[in-house]
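Chains A and D are the protein sequences, given in the same order.
Going by this note's numbering, the first sequence opens with residue 1, and the numbers climb by one from there.
Going by this note's numbering, the second sequence opens with residue 1, and the numbers climb by one from there.
FYI, nobody ran anything at the bench for these hints, they're computed from the structure.
Please note: incorrect hints may appear among the correct ones.
[To be verified] Between beta-carbon pairs, the in silico distance windows are:
1) D:E17 to A:V14: 25 to 33 Å
2) D:G62 to A:P8: 30 to 38 Å
3) D:W97 to A:V52: 16 to 24 Å
4) A:G101 to D:E26: 20 to 28 Å
5) D:K3 to A:D56: 38 to 46 Å
6) D:T72 to A:N7: 28 to 36 Å
[As the list claims (entries may be wrong)] Computed list of lysine-lysine pairs in DSS-like fashion (alpha-carbon distance at most 25 Å, straight line):
7) A:K57 to A:K69
8) D:K16 to D:K102
9) A:K71 to D:K102
10) A:K69 to D:K102
11) A:K71 to A:K18
12) D:K102 to D:K38
13) A:K17 to A:K57
14) D:K114 to A:K57
15) A:K57 to A:K18
16) A:K65 to A:K17
17) A:K57 to D:K3
18) D:K16 to D:K70
19) A:K71 to A:K57
20) D:K16 to D:K38
21) D:K16 to A:K65
Small disclaimer: the values here were computed from a predicted structure and weren't measured.
Note that the Cβ used here is the ideal one computed from N, Cα and C, for glycine as well.
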Amino acid sequence: EAQVTQNPRYLITVTGKKLTVTCSQNMNHEYMSWYRQDPGLGLRQIYYSMNVEVTDKGDVPEGYKVSRKEKRNFPLILESPSPNQTSLYFCASSLSRSSYGYTFGSGTRLTVV
Amino acid sequence: AQKVTQAQTEISVVEKEDVTLDCVYETRDTTYYLFWYKQPPSGELVFLIRRNSFDEQNEISGRYSWNFQKSTSSFNFTITASQVVDSAVYFCALSEWSNTGKLIFGQGTTLQVKP
């Protein structure tokens, strides 16, 4: 089944404890990106990747890191999480930017206390 | 500047009623793509449709239909004979060819279908 797999689905962590949210797609998609969803602010792009080893900042990159060492994986790294990073996170992939539909993962609900 | 506006924050209907969700967009690009996504209570984002700026043909898929009008920069979504399972938040989104592939989302419309 074609899908984007995110893990974990739920995570509660403490301020400052490094964490990684994994994202993997099995559709051989070139383009991947991360979004966060917050009440009143909607969905905003954090980082994106056009292809392997090519990543760039989205609208809200502060406090996040990403890497794209393989086409299928695009992990989101929070080196020192803070409470303002409590959010619902989505990973998305597409065959290429813009012109194709984006497939989203099931989401990761992160709480930083 | 690019922007997507979904003016209806919440809509409540009774089952079997038809309902239209409005979406108005702003872009300077001539090549762009419009999307609708559904977010059910379980939280995932489900892709419904993609339309490119050169294709103004309306589309119907079962009880769902979409009306794209470039003249009014609108991409409205109609559910015919609504069902309780249609209850969800619906997002309209825009992606510009000249941009980075970023999806610009509207604020979403919460649809509640009552039995």
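Status of the hints after comparison with the structure:
A C-beta distance of roughly 47 Å is found between E17 of chain D and V14 of chain A, which places it outside the suggested range of 25 to 33 Å. At roughly 34 Å, the beta-carbon separation of G62 of chain D and P8 of chain A lies within the given 30 to 38 Å, and the hint holds. In this structure, W97 of chain D and V52 of chain A meet the distance hint of 16 to 24 Å, their C-beta atoms being roughly 22 Å apart. Between G101 of chain A and E26 of chain D the C-beta distance comes to about 22 Å, which sits within the given range of 20 to 28 Å.
With their beta carbons about 22 Å apart, K3 of chain D and D56 of chain A fall outside the hinted range of 38 to 46 Å. Separated by about 42 Å at the C-beta atoms, T72 of chain D and N7 of chain A break the suggested range of 28 to 36 Å. At roughly 17 Å between alpha-carbon atoms, K57 of chain A and K69 of chain A fall within 25 Å of each other, so this suggested pair holds. Proposed proximity of K16 of chain D and K102 of chain D is contradicted: the alpha carbons are some 36 Å apart, above 25 Å.
A distance of roughly 18 Å separates the Cα atoms of K71 of chain A and K102 of chain D; the hinted pair therefore holds under the 25 Å criterion. At most 25 Å may separate the alpha-carbon atoms for a hinted pair to count; K69 of chain A and K102 of chain D meet this at roughly 21 Å. Distance hint between K71 of chain A and K18 of chain A is fulfilled; the C-alpha atoms sit about 24 Å from each other, no more than 25 Å. Taken as a hint, the K102 of chain D and K38 of chain D pair is honoured in the structure, with Cα atoms around 18 Å apart against an allowance of 25 Å.
Between the alpha carbons of K17 of chain A and K57 of chain A the distance comes to roughly 23 Å, so the proposed pair stays at or under 25 Å and holds. For the suggested pair K114 of chain D and K57 of chain A, the alpha carbons sit about 42 Å apart, so the restraint of at most 25 Å is broken. For a cut-off of 25 Å, the pair hint linking K57 of chain A to K18 of chain A stands: about 20 Å separates their Cα positions. Of the supplied pair hints, the one linking K65 of chain A and K17 of chain A holds, its CA atoms being roughly 14 Å apart against a limit of 25 Å.
Distance hint between K57 of chain A and K3 of chain D is fulfilled; the C-alpha atoms sit about 19 Å from each other, no more than 25 Å. Restraint check for K16 of chain D and K70 of chain D: not satisfied, since their Cα atoms lie roughly 30 Å apart, outside the 25 Å limit. With a CA separation close to 18 Å, the supplied pair K71 of chain A and K57 of chain A stays within the 25 Å bound. For the given pair, K16 of chain D sits about 19 Å from K38 of chain D by alpha-carbon distance, which is consistent with the 25 Å threshold.
With a CA separation close to 47 Å, the supplied pair K16 of chain D and K65 of chain A exceeds the 25 Å bound.
Taken one by one, the earlier hints fail for this structure at numbers 1, 5, 6, 8, 14, 18, 21, listed in ascending order.
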